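*Asks:* Add chain E to chain V, keeping to what the hints say.
Residue numbers (full-length UniProt numbering), protein chains in the order written: chain V, 1 to 232; chain E, 1 to 232.
In case anyone wonders, no lab produced these hints; they're calculated from the structure.
Treat the hints loosely; a few may be bogus.
Copies of one chain are not kept apart here, so a pair can be met inside one copy or by any two copies together.
Listed next, the in silico DSSO-like pairs over lysine-lysine satisfying Cα-Cα at most 30 Å (straight line) [unchecked claim]:
{"no.": "1", "residue 1": "Lys-143", "residue 2": "Lys-21"}
{"no.": "2", "residue 1": "Lys-36", "residue 2": "Lys-71"}
{"no.": "3", "residue 1": "Lys-95", "residue 2": "Lys-13"}
{"no.": "4", "residue 1": "Lys-106", "residue 2": "Lys-67"}
{"no.": "5", "residue 1": "Lys-71", "residue 2": "Lys-20"}
{"no.": "6", "residue 1": "Lys-67", "residue 2": "Lys-139"}
{"no.": "7", "residue 1": "Lys-67", "residue 2": "Lys-143"}
{"no.": "8", "residue 1": "Lys-143", "residue 2": "Lys-20"}
{"no.": "9", "residue 1": "Lys-96", "residue 2": "Lys-212"}
{"no.": "10", "residue 1": "Lys-196", "residue 2": "Lys-21"}
{"no.": "11", "residue 1": "Lys-150", "residue 2": "Lys-36"}
{"no.": "12", "residue 1": "Lys-67", "residue 2": "Lys-21"}
{"no.": "13", "residue 1": "Lys-106", "residue 2": "Lys-71"}
{"no.": "14", "residue 1": "Lys-139", "residue 2": "Lys-21"}
{"no.": "15", "residue 1": "Lys-218", "residue 2": "Lys-36"}
{"no.": "16", "residue 1": "Lys-139", "residue 2": "Lys-20"}
{"no.": "17", "residue 1": "Lys-21", "residue 2": "Lys-71"}
{"no.": "18", "residue 1": "Lys-18", "residue 2": "Lys-139"}
{"no.": "19", "residue 1": "Lys-83", "residue 2": "Lys-196"}
{"no.": "20", "residue 1": "Lys-36", "residue 2": "Lys-67"}
{"no.": "21", "residue 1": "Lys-67", "residue 2": "Lys-95"}
Given the structure is predicted, the values throughout are model-derived calculations rather than measurements.
Protein chains: 2
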Amino acid sequence: MNNSGIFCSAITKIIGYKPKKIILFETAFTHRSLNKTTLTGDALNYERLEFLGDAILGSVIAAFLYKNAPKGDEGYLTQMRSKIVNRAYLNSVGKKLQLIHLVRSKANVANFGDNINGNLLEALIGAIYIDAGFAVCEKFIYKNILIDFKDLGYLENKITSYKSLFIEYCQKNKCTFRFENCEDNGKDPVKHFCIKLYFNDVEIARARATSKKKAEEKAAQRAFFALQKEMQ
Amino acid sequence: MNNSGIFCSAITKIIGYKPKKIILFETAFTHRSLNKTTLTGDALNYERLEFLGDAILGSVIAAFLYKNAPKGDEGYLTQMRSKIVNRAYLNSVGKKLQLIHLVRSKANVANFGDNINGNLLEALIGAIYIDAGFAVCEKFIYKNILIDFKDLGYLENKITSYKSLFIEYCQKNKCTFRFENCEDNGKDPVKHFCIKLYFNDVEIARARATSKKKAEEKAAQRAFFALQKEMQ
Numbered sequence: 001m002n003n004s005g006i007f008c009s010a011i012t013k014i015i016g017y018k019p020k021k022i023i024l025f026e027t028a029f030t031h032r033s034l035n036k037t038t039l040t041g042d043a044l045n046y047e048r049l050e051f052l053g054d055a056i057l058g059s060v061i062a063a064f065l066y067k068n069a070p071k072g073d074e075g076y077l078t079q080m081r082s083k084i085v086n087r088a089y090l091n092s093v094g095k096k097l098q099l100i101h102l103v104r105s106k107a108n109v110a111n112f113g114d115n116i117n118g119n120l121l122e123a124l125i126g127a128i129y130i131d132a133g134f135a136v137c138e139k140f141i142y143k144n145i146l147i148d149f150k151d152l153g154y155l156e157n158k159i160t161s162y163k164s165l166f167i168e169y170c171q172k173n174k175c176t177f178r179f180e181n182c183e184d185n186g187k188d189p190v191k192h193f194c195i196k197l198y199f200n201d202v203e204i205a206r207a208r209a210t211s212k213k214k215a216e217e218k219a220a221q222r223a224f225f226a227l228q229k230e231m232q
Numbered sequence: 001m002n003n004s005g006i007f008c009s010a011i012t013k014i015i016g017y018k019p020k021k022i023i024l025f026e027t028a029f030t031h032r033s034l035n036k037t038t039l040t041g042d043a044l045n046y047e048r049l050e051f052l053g054d055a056i057l058g059s060v061i062a063a064f065l066y067k068n069a070p071k072g073d074e075g076y077l078t079q080m081r082s083k084i085v086n087r088a089y090l091n092s093v094g095k096k097l098q099l100i101h102l103v104r105s106k107a108n109v110a111n112f113g114d115n116i117n118g119n120l121l122e123a124l125i126g127a128i129y130i131d132a133g134f135a136v137c138e139k140f141i142y143k144n145i146l147i148d149f150k151d152l153g154y155l156e157n158k159i160t161s162y163k164s165l166f167i168e169y170c171q172k173n174k175c176t177f178r179f180e181n182c183e184d185n186g187k188d189p190v191k192h193f194c195i196k197l198y199f200n201d202v203e204i205a206r207a208r209a210t211s212k213k214k215a216e217e218k219a220a221q222r223a224f225f226a227l228q229k230e231m232q
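The following block holds chain V by itself, in its conformation from the complex (with noise of 0.2 Å):
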């Protein structure tokens, strides 16, 4: 089988059905390194498909909460499907299926970080729309996606962000926090952002991630826990 076979057989795998339309599927894995156009000088890289992947994906999760949380408000809904359409569990996902083994990129795919896992699943949502139209996306989206969100009550308790949960604490006990950018001397191929979090004035965690916003997350995540311990 040569290279495009192997490309097609491994999408078929993956989506569920054999592509009509394999250029979709192949500008859906083709990074904007490559510099690719096609005759009429349009780019061609996964960036399009992700930006109508990201759409439909966003609603098939509307109509999945709107069906299974009938007591839920608009509120509530909004909040359940941001707890869904979450960077990190996108890049599990993304991860989960192998993408990145698929991509064609000029650049190391080894510097992209972590998002291009979770972009990459978004331009093929939006490959599939295309492709066979919204009910078979649709069912894709459920059963790579929405099979771990059954449980709707389990999602209500996840917590998205310490940061946050950080913040509130402090201001409820009038208690001083800032974060702090410091050096980051680890020896990663990847830049890295190292952040120091004070809690009245005295150093509580440090963390380092491809962000500064995952690295202040991730604190405020050491923070919280410290804290917790610290009460019991």
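*Replies:* Only chain E this time, still in chain V's reference frame:
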């Protein structure tokens, strides 16, 4: 024809087919002030359908832009979508369809403000999706909303926020500005907000509207035109 017969035929005319589950459309036009619930105690008003319709609308527009702007990158598509899914525009479509005449409410409809028109439109879209599926819903959105956006070039040049345009102008030209609340003396039954806009410490415009945000936008638009006139 009795009341429910009149309602059903009004809906049929708007959506272009005879609804299968009229209860969905009754819900889409029920305001929460009625405190209606189902037999099992679930709230029965348009807010949940509005959440759903908003998501479906977002994905139909994303797909429309993906197909109609093959040269637009992700940033362009995002920007164009926010120009279409614009409160003022959705309100105007809701008004054109005269949705407000179908509302069932305990509160006085005249006091609702403009956004009720767009909210009802979104709830109606949610009801069509549940009643008849994605394809029928998409057709409704094309016929009533996207028909106005065949010319994407026109949309590209549309200014969406005079406030940001005005602020940009001030920053570029090192001018100061400030928005100030002032007392509203209008006799409207609906609460209005009044905003004074100062440019280099001189009042350049004043506006009133049903929200602070809208009043600021209106004042910025007036200021922008005043400045344009001055520069000519």
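*Asks:* Run every hint past the structure and note whether it holds.
*Replies:* Checked hints:
In this assembly of identical chains, the alpha carbons of Lys-143 and Lys-21 lie at most 30 Å apart whether taken from the same copy (22 Å) or from different copies (28 Å). Taking CA atoms no more than 30 Å apart as the test, Lys-36 paired with Lys-71 passes between copies only; the shortest distance there is 13 Å, against 48 Å inside one copy. In this homomeric assembly, Lys-95 and Lys-13 come within 30 Å of each other (Cα to Cα) only inside a single copy, at 15 Å, whereas the closest approach across copies is 48 Å. In the homo-oligomer, the alpha carbons of Lys-106 and Lys-67 lie at most 30 Å apart only across protomers (27 Å), although the nearest pairing inside one protomer, at 43 Å, exceeds that limit.
In the homo-oligomer, the alpha carbons of Lys-71 and Lys-20 lie at most 30 Å apart only across protomers (23 Å), although the nearest pairing inside one protomer, at 40 Å, exceeds that limit. With identical chains, the CA atoms of Lys-67 and Lys-139 are at most 30 Å apart both within one copy (15 Å) and between copies (22 Å). Proximity of Lys-67 and Lys-143 under a CA criterion of 30 Å is satisfied in both settings, with 17 Å inside one chain copy and 27 Å between copies. With identical chains, the CA atoms of Lys-143 and Lys-20 are at most 30 Å apart both within one copy (20 Å) and between copies (28 Å).
Taking the shortest Cα distances, Lys-96 and Lys-212 sit within 30 Å of each other inside one copy (25 Å), while across copies they are farther apart (47 Å). In this homomeric assembly, Lys-196 and Lys-21 never come within 30 Å of each other (Cα to Cα): the closest approach is 50 Å inside a single copy and 57 Å across copies. Only between protomers do Lys-150 and Lys-36 lie at most 30 Å apart by alpha-carbon distance; the minimum there is 28 Å, versus 40 Å within a single protomer. With identical chains, the CA atoms of Lys-67 and Lys-21 are at most 30 Å apart between copies only, with a shortest distance of 15 Å across copies and 32 Å within one.
For the homomeric pair Lys-106 and Lys-71, the shortest alpha-carbon distance between copies (22 Å) is at most 30 Å, but the shortest distance inside one copy (49 Å) is not. When the C-alpha separation of Lys-139 and Lys-21 is checked against a cutoff of 30 Å, the pair qualifies both within a copy, at 19 Å, and between copies, at 24 Å. For the homomeric pair Lys-218 and Lys-36, neither the shortest alpha-carbon distance inside one copy (37 Å) nor that between copies (44 Å) is at most 30 Å. Within a single copy, Lys-139 and Lys-20 get their C-alpha atoms as close as 17 Å, and across copies as close as 24 Å, so both meet the 30 Å cut-off.
For the homomeric pair Lys-21 and Lys-71, the shortest alpha-carbon distance between copies (19 Å) is at most 30 Å, but the shortest distance inside one copy (41 Å) is not. Taking the shortest alpha-carbon separations for Lys-18 and Lys-139, both the intra-copy value of 15 Å and the inter-copy value of 28 Å come in at or below 30 Å. In this assembly of identical chains, the alpha carbons of Lys-83 and Lys-196 lie at most 30 Å apart only when taken from the same copy (27 Å versus 40 Å across copies). Taking the closest pair of Cα atoms, Lys-36 and Lys-67 come within 30 Å of each other only across two copies (19 Å); inside a single copy the shortest separation is 41 Å, beyond that limit.
Taking the shortest alpha-carbon separations for Lys-67 and Lys-95, both the intra-copy value of 28 Å and the inter-copy value of 29 Å come in at or below 30 Å.
Checked against the numbered hints listed earlier, the structure breaks hints 10, 15; every other hint is satisfied.
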